[in-house]
Every structure is written in structure tokens, then in C-alpha cells.
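Fit chain B to the given chain A structure using the hints.
Quick mapping for you: the protein sequence lines, in order, are chains A and B. Here the first sequence is numbered in the numbering used here, starting from 1 and rising by one per residue. Here the second sequence is numbered in the numbering used here, starting from 491 and rising by one per residue.
These are computed hints drawn from the structure, not numbers from a lab. Quick caveat: nothing in here was measured; it's all calculated off a predicted structure. Do not rely on the hints blindly, as some may be mistaken.
Each computed DSSO-like pair below joins lysine-lysine, with the alpha-carbon atoms no more than 30 Å apart [as the list claims (entries may be wrong)]:
1) A:K126 <-> B:K563
2) A:K60 <-> A:K157
3) A:K229 <-> A:K60
4) B:K535 <-> B:K492
5) A:K63 <-> A:K126
6) B:K592 <-> A:K124
7) B:K535 <-> B:K514
8) A:K244 <-> A:K330
9) B:K514 <-> A:K157
10) A:K157 <-> B:K592
11) A:K60 <-> A:K78
12) B:K563 <-> A:K124
13) A:K157 <-> B:K563
14) A:K229 <-> A:K206
15) A:K63 <-> A:K124
16) B:K597 <-> A:K126
17) B:K536 <-> B:K597
18) B:K597 <-> A:K124
19) A:K124 <-> A:K157
20) A:K466 <-> A:K453
21) B:K563 <-> B:K597
22) A:K78 <-> A:K63
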Amino acid sequence: MPRKQKESKKIDARVSTGIVGLDEIMNQGLVSQRVYLTRGGPGSGKSTLGLHFLTAGASKDEKVLFITLGEPESQVRKNAQGIGFDLNGVNFLDLAPTPEFFTEAGGYDIFSSAEVERGPTTQKIKEEVERIKPTRIFVDSATQFRYLSTDAFQFRKQMLALARYLTEQGATVVLSSEGSDEAPDDDLQFLCDGVISLETGPDGRKISVTKLRGSDFRGGAQSMRLGNKGMEVFPRLVPEAYTKEYIAEPIASGVPELDELLHGGLERGTVTIIGGPTGVGKTTLGLQFMKEAAGRGERSVVYTFEEGRQTMLKRCMGINIPVRDMIERKTLSIVQVEPLHYTPDELASMVRQEVEEENARIVMIDSTSGYGLSLGSGDLLSHLRALTQYLKNMGVTTILISETEAIMGELRATEVGASHLADNIVFLRYLEIAGEIRRAIGVLKKRTSSFEKTLREFEITRYGLKVGEPLTGLRGILSGGITFGKMSED
Amino acid sequence: MKTSILTVGSNRANLELLSQQLQKEGYEVLSVASLEELDQTIQEKKNITIALIDLSGFDERIWDRCEELRKAKTPFIVISPQRSPLIQRDSMKHGASGLLVKPLGIKELMEYIHTLLGE
Numbered sequence: 001m002p003r004k005q006k007e008s009k010k011i012d013a014r015v016s017t018g019i020v021g022l023d024e025i026m027n028q029g030l031v032s033q034r035v036y037l038t039r040g041g042p043g044s045g046k047s048t049l050g051l052h053f054l055t056a057g058a059s060k061d062e063k064v065l066f067i068t069l070g071e072p073e074s075q076v077r078k079n080a081q082g083i084g085f086d087l088n089g090v091n092f093l094d095l096a097p098t099p100e101f102f103t104e105a106g107g108y109d110i111f112s113s114a115e116v117e118r119g120p121t122t123q124k125i126k127e128e129v130e131r132i133k134p135t136r137i138f139v140d141s142a143t144q145f146r147y148l149s150t151d152a153f154q155f156r157k158q159m160l161a162l163a164r165y166l167t168e169q170g171a172t173v174v175l176s177s178e179g180s181d182e183a184p185d186d187d188l189q190f191l192c193d194g195v196i197s198l199e200t201g202p203d204g205r206k207i208s209v210t211k212l213r214g215s216d217f218r219g220g221a222q223s224m225r226l227g228n229k230g231m232e233v234f235p236r237l238v239p240e241a242y243t244k245e246y247i248a249e250p251i252a253s254g255v256p257e258l259d260e261l262l263h264g265g266l267e268r269g270t271v272t273i274i275g276g277p278t279g280v281g282k283t284t285l286g287l288q289f290m291k292e293a294a295g296r297g298e299r300s301v302v303y304t305f306e307e308g309r310q311t312m313l314k315r316c317m318g319i320n321i322p323v324r325d326m327i328e329r330k331t332l333s334i335v336q337v338e339p340l341h342y343t344p345d346e347l348a349s350m351v352r353q354e355v356e357e358e359n360a361r362i363v364m365i366d367s368t369s370g371y372g373l374s375l376g377s378g379d380l381l382s383h384l385r386a387l388t389q390y391l392k393n394m395g396v397t398t399i400l401i402s403e404t405e406a407i408m409g410e411l412r413a414t415e416v417g418a419s420h421l422a423d424n425i426v427f428l429r430y431l432e433i434a435g436e437i438r439r440a441i442g443v444l445k446k447r448t449s450s451f452e453k454t455l456r457e458f459e460i461t462r463y464g465l466k467v468g469e470p471l472t473g474l475r476g477i478l479s480g481g482i483t484f485g486k487m488s489e490d
Numbered sequence: 491m492k493t494s495i496l497t498v499g500s501n502r503a504n505l506e507l508l509s510q511q512l513q514k515e516g517y518e519v520l521s522v523a524s525l526e527e528l529d530q531t532i533q534e535k536k537n538i539t540i541a542l543i544d545l546s547g548f549d550e551r552i553w554d555r556c557e558e559l560r561k562a563k564t565p566f567i568v569i570s571p572q573r574s575p576l577i578q579r580d581s582m583k584h585g586a587s588g589l590l591v592k593p594l595g596i597k598e599l600m601e602y603i604h605t606l607l608g609e
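So that you can see chain B by itself, here it is in the shape it has in the complex:
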């Protein structure tokens, strides 16, 4: 079975690019662009191996969803629009496995995911 990655972000162009890159690497990708879509995905208990959450465009409610993911034992990486100690602290507090700052290097992102998946 293919590894399934959930990508969360409000910018569809970002989601599209991210999907393309992940699919190129052989992952199955599920993208959601709003909190509602994310809620639905979490409720449906889909088989998600790992989640990538781009914070841009979301408010603090995103941290509640991060908690949900943590409860569901789904590892997730937070993607931040800027290098910020506050975001770093909150990400860790809500269970993030890592924090990446945009723009991401494609190679670095893939290495990070591989490491997280133990590949």
C-alpha cells in the first residue's frame, strides 16, 4: 500500500505544487484547503501516514486540529511562512514532529519526510 500524505494549506497553488512533488516520489496525496475539509478528513479516520500543515491563511484554530492529529497518532510537520520563536513554540506544544520555514527546498523536504517515515 502506498504511503498516504495529507497536505493542509489555504493556497491551492501551494497544495498543487506540493502534491506534484510528493506524487513524483511515489506517495499518495490527500489535499485539504480549509478547516472544514480538515475536520471531515480527521472524522473519516482516513489512513494518513503523515500530514504537512502550511499555517499561512489559518488562524489559531489550526492548533486544535493539530491536537486532533496528535490524538490520532498522526505525525505532522508544520510549515511556517516565517522564522518565528512563537510559531516554533506553539508547533512543538501542539505535537509537531518538525517545523519547516518557507520557501522549502524540495530536496530537503523529501529528506525530512523520508527520515520521519524511517525510509
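Looking at chain A on its own, in the form it has when it is part of the complex:
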């Protein structure tokens, strides 16, 4: 594996939650033989988390037990099947009320449920635990035990005793709780060794670990998705946790004049902003580096936020960038990012997978404003900073496409205030020369090497990119009022 996790301090035997991202924020999983609480409102994913936890154990032939006090076993199985869980190895103890409870034969009110049911419930749990000897137990939900206790003190005492009993039997236990402002579950939070909170906010679903006895953990709310793969957790990217040895060599574009302009190309482990107005050729320029990388057998990924994948494919084929072949040979992936479908952390997770599992060497975000608009609200620049810093640490060449609004006029590298993220800034401009619209390319900044200070003409033809000789004698490049004229005439 190329990455080195700096935060890998193993203290105790760990038990995977079955959710990769959650294990990551919990420093490799749950500490075994302890009791954890997963809390949240209805539909927040508590049971799904429990199913991941149990099936992760069952898939390794561990004995696991699902104690259901709310939904009947048949319903849990049906729901689990709907999201692709295989519950074959999962044992159930169904303590949910049966339909007969509501008939005369089952409904009673002479004694409190605490008086009547605590004994039989405890006995059933004891019998099943001793029969199955599970290493993982999920109790859904522990809130129901409240109705089996006469008061808050009794509840706490009984839950402590239950937790102790189950862990002494060798099990790691996850309890679910429907904690809310109206019905707080602070008592459960106090007695459990770890607390995982689930919530839904304006920025989507979030998961946070607020307590984990005996272990380090990553605090704060992390992105979470509930879908047809169950629960996926996308931890906030901490770039410092990832490093990779690499040679900071320049990668060429394959267009000699362009490489001359850049004094060799764009270095690995750097971030380049390609800025310019609409239609000037920013994406094409980025793809040119990918075309050349594909020739070396290296993989690149484009995350396109504005242009459709098919449009991009068609356009590239028309200018001699063989994207279809590149995709077939797995040297290119074009990912169309649907607006408001992903959070920045989900995108970061996708990028990480490309870098760490597919060995992508060039990543292009097309464009920075699209990134901002598509990924919703929040501190987007800090997310983008983390992502680019991660890519730098991993030796990936990052290209950020940045559209400037003005077609002509004063030069701006980027409209989203992201220029400080860049090691290199390459700009494309429209020029009006003798009544004709032409394009020019120049370099504004290059942190790791020197660069040519002049503009060159830039053309997109059906044979590919063409970059001309340096345009000497141009004036007013930065202000936009470009004219030909010698410096000495000023």
C-alpha cells in the first residue's frame, strides 16, 4: 500500500465496524469487548451501522447476535436484504412485541412492564448469549430497556450490569439509542465506552465519534451516506496523515514549445491552476498532459463538474486526444460529478481511492468554481486546500481548471480565491490582433523552477494543441489592453 498512516497507534485488539471510513476515524475500529452506543433520530442509520458491525463478524465466521426489541426479526431481515446484507450467519433474539400484545390476551396494565417483563427478558438474553457465545452483539434499541426499569437509577444500574455481563462473556457490544432533546440518553452515553452519533443536517448526513475510551479518535462531524451499499463514511481528509516517496520531476506535455515555456513541464507533487475565460482551451491544455502521461502508461483522472462526460469525450476525439483508447487502457478516467450529489469529503474519498488503489498520477478538477457549486455549502476552500495538499503529499500532479469571467480585460488567475493553493499558474487569454481573435498562453507563477516570461500563441486544431514561438513585443498583458510595441518605446 503506497500510503503510510502516521496515526496508527494500536493499543488493544480492534474489531472492525464493517465500515472502512468509520474504522478510520476510530483509529482502526472498536476496542474489543467493550460497549458502544450508536445514537440518532429515526432513519439516521443506527440499525444499518449495527448490520455492518454484525455482518463484518459473520463474514469471518464469528458468532454474532442481533437482539431486537423494536422491529421484529422478519422486518429486520427484509430491510437488510434490501440494502444487500447477507444475514445468513447472524443469530437473532427477537424480543419485539408480537401482534398478540395488542389483543386482550397480551395487553395488560395491572403491573408496569418493568415489573412483568424485565425478568423474562433478562432470562432470554442470558440463555441466548450462553447458547450462542457471540463475539459481537447488537442491541436495537437499548431505549426499550427504559420501559423495563422503574426509574432512571434502576435503568442505569441495569444497563451497567447488562454491559458488564455481555462483555464478560467475551462480546463487543453495540447498543442503539433514539436519543433526542425530548428524551435524552446522557445516562447511556456515560456508561458506554464509546459513542457514535448520527445526524442529518443541511450539509447532508453526518457521523461523529464523541467518545472512545482507551483510544485515540478523529473528532468532528464526518460525511456519511446511506444508500444501496448500506452506510459509507467519508472521513474529513487530513493530508498530513499521508505521504509517499516520489521524485519531483517535471512531466512534459509532449508539445515541445509548451514544455519550453514551462521549462520542462509541470512537476510531480505540484498544483497548477490553468486559468482563463470560457472556451479558451483550459481543459484541453490539462488533457494534453494526460495524453502524454498515458503514453508512459500513467493513469490520470478528470473530475468534471460542468461539462458532461460525453461532450468531453466527443470534443477530445475531435482534437486528436484519444480519450476512448485512454479510458479503455485505464490510463484515463473521466468522472462526471453530479451537482449537489456528493460532499467534499465524499469526493476526497473518491480521489483517494484513485490515487491509492489505481495509482493515478495526474488529477484534474474541472473546474474550481464547479467544485464549489456542486459540493454544496461549507468551507470549500479549506476542503480544496486539504485535497490539493493530500495530492501533493502523494506526488500527484494536480491541475485545477479555473474559469475567469472576463473574456478580455484585467488578468485574474482564478475567480474563487484559490490562487494561493497553486505552485504554478498558467493562463490562457484571448488576444485581438488585427481584428482577429487569437489565443495566447503564458506562465504567471512557477514555484519549483524558472519559466519563460513571454506569451506564446496557443491554438487548438484537429491535430491537437499547437503552441507557437514566443510573442515578443506584446504590451498590456496583465491589464488586458494588449498591443504590440517595444519596451524601449515606453
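Below, chain B without anything else, positioned relative to chain A:
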């Protein structure tokens, strides 16, 4: 001879639970679920030491039966679904030895019965 307790109530689940608890304590239990059954039991002059009457599901006619029990010198405890001064007053008026409000604590109920029986 075992002490015999008559339980009266319209909810069979309640009667069943009550019986189980009383039998666990070593009492003999006779349960009736309607006024008709209660009438029959009173007429048969069965050997009842004490009666527990759950008012839920009965109308005012239950008080006539309470009077019958009083005449037969059978002590009885009224079990009420709610704390109500009216029920309390009527219970006392018709000779109840005590009034308990649901849900009952098993321990408290047993202590009450023991006290009433002088155990």
C-alpha cells in the same frame, strides 16, 4: 388450607398475571371476568378470604357486588385505573378495605395483602 383470593377484572391478561403472582406466593386464586361470573361466585358462597377488584371495564353495577361482598364479610381491595377522589370515595362508601392505583408494584401489592390478612 390455602388462603383463597378472588380476583375480579374484565381484562384476562391482567387476571392471568395477577393469578401467577398470587400463586407464586402460595395463594389459591379464583378469577372471574364478568359480573355474571362474580354473581355466581358470591351465590355459591365459596370460601373466599379476600377479593381484589379491578374496576376497569365495569360500570356502576360493580358497587352492588361490592356491597354483597361486604355483607358476606369478605374483605376486598379495589384496583383503580386512575387516581380519582370519586373512585376513592365510592370505594370507601361500599366497604373497600383499600384502594390501589394501576400499575401496581408487585412487592407493594403483596405487602398490602399480607397486612390485610394479618400475616
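Tell me, which hint numbers fail for this structure?
Hints 1, 2, 12, 13 contradicted; others consistent.
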